[in-house]
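Colleague: As a plain string of letters, each chain reads:
There are 2 protein chains.
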Amino acid sequence: MRDVVIIGVGMTRFGRFLDRSPQDLGREAIWNAIEDANIPLKQIQVAYVGNAVGAQLNELKGTIGQHVLTTAGIDSIPVTNVENACSSASSALRLAALEVASGNHDIALAVGVEKMYTGDTAKAAASMASGTPYAKYGFTFVAEYALNLRKWMRKYPAVKVEHFAKVVVKNSKNGSLNPYAQFRKPLSVEDVLHSRMVANPLTLYMCSGIGDGSAAAIVCTKKIARKYTSKPLIEVAACELLSGTYTYPDEAHEACSSRAAKQAYERAGIGPEDVNVAEVHDAMAPAELKLYEELGFCQEGESARMIDEGRTMINGTIPVNPSGGLAAKGHPVGATGLAQIAEIVWQLRGEAGDRQVSNPKVGLTQNQGGLVVGDNAACVVTILKK
Amino acid sequence: MRDVVIIGVGMTRFGRFLDRSPQDLGREAIWNAIEDANIPLKQIQVAYVGNAVGAQLNELKGTIGQHVLTTAGIDSIPVTNVENACSSASSALRLAALEVASGNHDIALAVGVEKMYTGDTAKAAASMASGTPYAKYGFTFVAEYALNLRKWMRKYPAVKVEHFAKVVVKNSKNGSLNPYAQFRKPLSVEDVLHSRMVANPLTLYMCSGIGDGSAAAIVCTKKIARKYTSKPLIEVAACELLSGTYTYPDEAHEACSSRAAKQAYERAGIGPEDVNVAEVHDAMAPAELKLYEELGFCQEGESARMIDEGRTMINGTIPVNPSGGLAAKGHPVGATGLAQIAEIVWQLRGEAGDRQVSNPKVGLTQNQGGLVVGDNAACVVTILKK
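Line order of the protein sequences matches chains A and B. This note's numbering puts the first residue of the first sequence at 665, with every later residue one more than the last. This note's numbering puts the first residue of the second sequence at 665, with every later residue one more than the last.
Okay, chain A solo, but in the shape it has when bound (with noise of 0.2 Å):
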């Protein structure tokens, strides 16, 4: 298979814009991409785009992908809608690299969009309900995930709400530091603690909001690359998607995003302490001290240690959620993923402005998206290097 890079990527800011369609976002994010890239649009030969609750909140209800791109100018390639919840982006990314690995395309687009603000925000937050058949039970994301996290806290009592509230003033500091965010205000211990409460132990503050926008990435082969960049070229070292198991519950039970992680760093040909700088799928800020663990960034039950003492701020050993992390940038559930890919790819480059992390060399993503109960039903591991 052949080496992939990425030229470009770009993305809108993430917010509440009711007056724009999920069209008018994908094109943005599309356009900003070219840009980056300094490539024509019409070379293009192949997209991949993704989305997960457009049908059921957008007026268009399918074939969104070909719709964005024949509003920015695109059209007569081979398109494919990609839906995995909230890890349809980072699946399109996959297979867009796939496409140029194989020899397939020589120059591909993955894009990922997702409007959310419709005037009725009862029917974002019950999209987001629907992915799991127990849902109409209360067993929504939230209610897993708290349920999940007080198992863990039983087992491990060093882990307190202090610690989840700490992942939130981090991630909130470092979205204020992003032009990209939804939500630019840093939080203190007391705001996060003091929220109302969603599910026990998860106060509002520590769970990601619903949002608009889209984020877009261009690969290719690098000598192609090089025939129209002279910025650095990112290479896609892995890109490992997994799906979870049914088999709630079961000590015994690897997570999708720990199996991913071992299959993206042998494919990578690193370990995680190679990884400078990450961007974790923080839906619900205490997932994001688990993901410490699954990934590899600490042992198991040494996660409220690493925020403590501070280790994945910008300036720690390994960074996490430089961007703000979903908590503070945003949650347009279609686009995380590829918003991820592109601050990961920002920061390897040096571009990424107040909330530059130093000098990284070697960058990871986790996405996740939907629910079997027991795991996510997808997740995807992404590692780049400069």
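Honestly, I wouldn't trust all of these hints.
To be verified - Ranges between beta-carbon positions, derived for each pair:
(1) A:Ile888 <-> B:Asp1018: 50 to 56 Å
(2) B:Ala786 <-> A:Lys895: 37 to 43 Å
(3) B:Leu682 <-> A:Thr785: 32 to 38 Å
(4) A:Thr782 <-> B:Glu973: 52 to 58 Å
As the list claims (entries may be wrong) - BS3-like, lysine-lysine: derived pairs with alpha carbons at most 27 Å apart:
(5) B:Lys787 <-> A:Lys787
(6) A:Lys926 <-> B:Lys824
(7) A:Lys706 <-> B:Lys926
(8) B:Lys926 <-> A:Lys787
(9) A:Lys926 <-> A:Lys1050
FYI, nobody ran anything at the bench for these hints, they're computed from the structure. Even glycine gets a Cβ: it sits at the ideal position worked out from N, Cα and C.
Given the coordinates of chain A, assemble chain B onto it according to the supplied hints.
Modeller: Same frame as chain A, now just chain B:
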């Protein structure tokens, strides 16, 4: 890229199954394909699942593929949900074939599933109109087909409504011979012409209905296939996806299906004259005539004579839709593309029973979906060889 063969196919009967879930339909198709391939369930390494309108009609609104697969007993592999409207299943097959061709995986599963009967037929019909921003002005699929047909009939006055009826007569007869078909009553020209007018010149029996069903195919390399089965191996010689152009009205415009077919013939190293049997997307019966021309089975303006002379009947020179096509076999949209593939595999193996075409060596499927004004959003043309 490596050669890819289909080692097994399976489907449910298409029909109205109010008491069955998409998960249960998908499970049946997968298990049938697994049995046909004689391959253990645990050998499946990667899966793509096509579904078009589930998020609008079904309780489970996301990650349907993961839920179908866990129901069938498959988890912990990369699973991606694919939506390209009525061409979702063939788009899933294309990706399964790319996984094997590229060497990324050795054994891949493609599934298409759709559950449209939910007790609310109006809602199901509305879901079919939701892939275009123009549906709210009454510009539905049927209206689009009807408008294009009238334009076509003006250009070729030899094309009469009786020709459209003859397509339905042929396909309903074929469907009456197919145990998987939803509608098994043979129709006469009078039945078709006297059925209710939907959008002039389209009468009810010229339009495909709604349906429930699933179909699946397993692809792998030839070498691996021979470890499991002694059945004839069916090579995927081409599987080409294209999106349409957004250029209505444009006389010089070349239809998506025509362009996809040319690409497929080139990739497979054959011409239309080499095709011995075809399954095409007769969502509206007259479209089948147009497709004879777009796929190169006859010259432009000659398709009416094709049907008059019976050349596309099961015993004709180029049998088209021996399964009964969308009109008679049924059209659970997200399953259709793989049901076409299953039919061609059975035909090439000589397993098609009462509807068997005489000793075909090369088969073609054409599956299209969605609507960008002036063209289909997506079209997949697949060429299979014994």
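Colleague: Measure nothing beyond the straight line between the CA atoms of A:Lys926 and B:Lys824; if it is 27 Å or shorter, mark the hint as holding.
Modeller: violated, 63 Å
Colleague: Within 37 to 43 Å or not, the Cβ separation of B:Ala786 and A:Lys895?
Modeller: violated, 53 Å
Colleague: Is 32 to 38 Å a correct range for the gap between the Cβ atoms of B:Leu682 and A:Thr785?
Modeller: holds, 33 Å
Colleague: Can the restraint linking B:Lys926 and A:Lys787 be considered satisfied, given a maximum Cα separation of 27 Å?
Modeller: Roughly 45 Å between the alpha carbons, so the hint for B:Lys926 and A:Lys787 is violated.
Colleague: For the range 50 to 56 Å, tell me whether the beta carbons of A:Ile888 and B:Asp1018 fit it or not.
Modeller: holds, 53 Å
Colleague: Can the restraint linking A:Lys926 and A:Lys1050 be considered satisfied, given a maximum Cα separation of 27 Å?
Modeller: Roughly 20 Å between the alpha carbons, so the hint for A:Lys926 and A:Lys1050 holds.
Colleague: Straight-line Cα separation of B:Lys787 and A:Lys787 no greater than 27 Å?
Modeller: holds, 18 Å
Colleague: Check the hint pairing A:Lys706 with B:Lys926 against an upper bound of 27 Å on the C-alpha distance.
Modeller: With Cα atoms ~20 Å apart, A:Lys706 and B:Lys926 stay inside 27 Å; holds.
Colleague: Is the hinted range of 52 to 58 Å satisfied by the C-beta distance from A:Thr782 to B:Glu973?
Modeller: holds, 54 Å
In this structure, the hints that do not hold are numbers 2, 6, 8, in rising order.
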